[in-house]
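Knowing the structure of chain L, use the given hints to seat chain R on it.
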Amino acid sequence: MKKLRLLWHLYPAFLVITLVAILAVTWYVSSALRQFHIVQTEKNLTARANLIIDQVQDDLTRGNAFNLDELSKRLGKKTETRITIILNDGKVLADSRENPQRMDNHARRPEVAAALSGSKGVSTRFSRTLQQNQMYVALPVSADGTIIGCVRTSIPVTAIGETLEALYQRIAGAGFLIAVVLAVLSLWLARRISQPLERMRRGAERFALGELDRRLPISGAEELADLAGSLNDMAAQLDERFQTVIRQRNELEAVLSSMVEGVLAVDNNETIIRINRAAANLFAVEPETIITRPVQEVLRKAELQQFIHDAISAKEPIERNLTIFRGNQEVLLQAHGSPLRNAQEKKIGALIVFNDITRLRRLENLRRDFVANVSHELKTPITAIKGWAETLRESKKDAPDEETRPIEVIVRQSDRLNAIVNDLLDLSRIEQEQEGAKIELQQAPIRPVIDATAQACSVDLEKKRIALTIVCTDSLKAPINPPLLEQALINLLNNAIKYSPEQSRVIIETAENGPDLMIKVTDFGCGIPTNHLPRLFERFYRVDVARSREMGGTGLGLAIVKHIAQAHHGSIEVESSPGKGSCFTLTLPLR
Amino acid sequence: MTGHMEREISRLKKSILALAAVVEESVKQAVIALEKRDTELAKKIIQGDLAVNQQEVELEEECLKILALHQPVAADLRFIVAVLKINNDLERIGDLAANMADRTVDLVEDRADTAPFDLEKMADKVELMLEKALDALVNYDIKLANEAIELDDEVDQMHKQSFAEVKKQIRQNPEQMDAQINYLSISRYLERIADLATNIAEDVVYMIEGKIVRHIL
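Quick note, the sequences are listed as chains L and R, same order. The numbering used here numbers the first residue of the first sequence as 1 and each following residue consecutively. The numbering used here numbers the first residue of the second sequence as 1001 and each following residue consecutively.
Simulated from the structure, these hints should not be mistaken for laboratory data. Only a predicted model underlies this, so the values are computations on that prediction, with no experimental measurement involved. Where hints are given, some of them may not hold.
[What the hints assert, rightly or not] Partial chain R-side listing against chain L, Cβ under 8 Å, derived: (1) Gly1003; (2) Lys1014; (3) Lys1028; (4) Leu1134.
[Unchecked claim] Here are the simulated EDC-like pairs of lysine to aspartate or glutamate, each with C-alpha atoms no more than 16 Å apart in a straight line: (5) R:Lys1014 with L:Glu297; (6) R:Lys1085 with R:Glu1062; (7) R:Lys1013 with L:Glu297; (8) R:Lys1014 with L:Asp267; (9) R:Lys1014 with R:Asp1135; (10) R:Lys1065 with R:Glu1008; (11) R:Lys1036 with L:Glu431; (12) R:Lys1043 with R:Asp1106; (13) R:Lys1044 with L:Glu303; (14) L:Lys315 with L:Asp267; (15) R:Lys1121 with R:Asp1153; (16) L:Lys396 with L:Glu377; (17) R:Lys1085 with R:Glu1109; (18) R:Lys1014 with L:Glu303.
The C-beta atom is built at its ideal place from N, Cα and C for all residues, glycine as well.
If we strip away everything but chain R, and leave its shape as in the complex, we get:
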């Protein structure tokens, strides 16, 4: 009975990590597509999001099945609860990556070449955050999780700056408004991805320590 549950849980871990890999990659690809203005890649990402959604549903069902069949307690229960939440966050990140790809397609049509803010730096930071959060999940590493949580403030700051920058650009070049709004959306998506990565890191902390670290300053 216990052995059975252990197997199920290790399978669950593999599945959530597989989903994490897909989502992390789609974020990276979304950034590359945006930087290279690669509509082919962007369309591939939008397509790929469907598979992510499918995987999310399967994972959730798997979690519920384990909960119902095995009634796990303590660490196992925390793990499954964390997986349920991380699963949700990952799916949202996947959606945001697809949204970014959407904006990329729009931007190519708008023929807007340069972002009004340092998109690359922001994307790098967000990718780093996501990577740290997922590494923390893989290695049960509280230190990495905390590092990821700390990075969120920087990303928020960057988003604020890009907001101001976009506003300025629109005032100066009102004819480029469409493109600027697209860039603002992208900045917002990146900021949201960072938030969700923070959530994942917090869930990892919860899973390891059983302590809910959300909303603690």
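Next comes chain L alone, as it looks inside the complex:
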């Protein structure tokens, strides 16, 4: 249904109210007038009848019909009234408009009957004599206490009607005039009420269209002024909110576009919501052209599409390395995908962040290759030096000390250099394998590993006559890489032997501690000052530089232990008190 304007609600209502009021007033006034007129006419007729009674009383008593008739005709013409004089038996004696001889007995006429019975008779009815509606008033004429007849006066009702008609017409004319004036007035009034509202509507429409800087004029009735004020306030607030939203969006846009990482947001249907400049460059696309389009249409990279699909269906953030091809160039990307949620915590898609790790990976490979190559390259000359120095030492066995000492130094130092290079190679190998997750862990018993360690160090143990105690059950198993664990334990045991005095003890004990396996290597040697403990596992860190070298340490042993522990997803800790000894605890998970 079509909505009407407020004006067309107000105006007809005004009109109806006006018309009803005018009609009601007119009706009331005219009926009152009519009543008044009838009463007046009746009074008038009564007065005339009374006047006539005085004149006819004598003649009536005498029965002078001729006189009476002549009188009634004369008076009737003068007063434009029909006058009838009737005897108490109903016989008409005189009439101003008719020959009384020809008139029938009037005793039964209601007004005459009333008059003959002594009271005033009033009646409005059709006159058979005159053939029209008449108003009659009849008054009794009495002589000496008896009613001898009555005098009846009457005028035609049409006369009353005509008078009233003229009045009615004037009233109707005035009413119509008033109605027209009021119609115009109420139109003006309705407009006056509806126009400010109309203005406000237009203003609100402008607000809706975003023209928030224009304000509504505050005028008119209090309510309307208040409404305009409220609308203005609303517009101001909206304006502020919009500005804030726009500013925030611009900030976000700026943040996104200045990010080095590529950012891509997709909805649940794999449609692109947002992509930043870096990501667009990564995939060689234009951000403007691909937003709101499905990933499959615009990013034709199979691995990427798969990753996006997985990121949307995954509940947890996911991470993967992707290889994409830009031209014929291989680009290695590290991609993080996390679910995108709205304010109601409902999942609306996924956010994917890309890191170009091509260069990083290349550098890493370079570094790794470098360490391995350098170590390899160093080994060859060292072996040569060592070989020749040993040969030289053999040949100069009997020479004096001054000659053999330099050779001894060369042999010892080349041994040390060899050990360092070996350790470096080990370290880089473990690191490499750990990165590539190539270290295989298998469920294996611990005891054989510890026994092998003891076997490997048996010569040093015997040389210093150190008693080794092993506490370990045969059944104990853990996911380990036996050769690596053996190397770690050898390093720990070697250290323990090195820093223990002769004829002391070293204990290797194992214990299960909840989900972990602990292997403790305890010695009762010189111990380590507390301030050195935190850095003990760093490469080439030495507690006592001179002494360590003297003992032939490379400075890498504990670093290797640490890496091996990490390769087993475990850790290494140390407790020590100077002068009393040290305890290294290797903690490995049992599962």
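Below, chain R without anything else, positioned relative to chain L:
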């Protein structure tokens, strides 16, 4: 009902584009593997072809399902018919990429270093053709499709040249025959891929205009 079919069709479009991405990438990777003599990558491509075959079957079933359930007409029908054909072509391209990878493995064993013809140029052209055909599919772009169709002649010409070149090489160095035959096969595979890319472009034209442009010169 209509909404349902629209959803199915948009899903179908996504699937065919996903398959296109996989196939396009495997062609690119096959070329890279060949240029770098990367047997690891070549083996990965040969493995990947199995997934492509699987996807092809699924896509075809999807098409048949829509045809049977929704009885599409006009543009929708043309789209599904085109998808059926493009699907087929893509699977064939995938096979050819895998074949190229096979030849790469052979070539590494043959220790043949240089191709007797400009392999890189030919591969670039074929990749460009495929890219244009697929872009035409994505964007419903007749102009791109026609460009792809036009490129086919150049690739055919290149293949003819490499055929002549290989023949010459075999005559000169009969001991390198195995490698030369492998190179010839690769040239042929590339030419076939170009043909299939042309087919895809023609199907795209059909899908958009409802006009079959095959065999029109």
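Hint-by-hint comparison with the structure:
no.	hint	result
1	Gly1003	violated, 14 Å
2	Lys1014	holds, 5 Å
3	Lys1028	holds, 5 Å
4	Leu1134	holds, 7 Å
5	R:Lys1014 with L:Glu297	holds, 7 Å
6	R:Lys1085 with R:Glu1062	holds, 13 Å
7	R:Lys1013 with L:Glu297	holds, 9 Å
8	R:Lys1014 with L:Asp267	holds, 14 Å
9	R:Lys1014 with R:Asp1135	holds, 14 Å
10	R:Lys1065 with R:Glu1008	holds, 10 Å
11	R:Lys1036 with L:Glu431	violated, 28 Å
12	R:Lys1043 with R:Asp1106	holds, 12 Å
13	R:Lys1044 with L:Glu303	holds, 13 Å
14	L:Lys315 with L:Asp267	holds, 14 Å
15	R:Lys1121 with R:Asp1153	holds, 14 Å
16	L:Lys396 with L:Glu377	violated, 30 Å
17	R:Lys1085 with R:Glu1109	violated, 37 Å
18	R:Lys1014 with L:Glu303	holds, 15 Å
Violated hints for the displayed structure, listed by number in ascending order: 1, 11, 16, 17.
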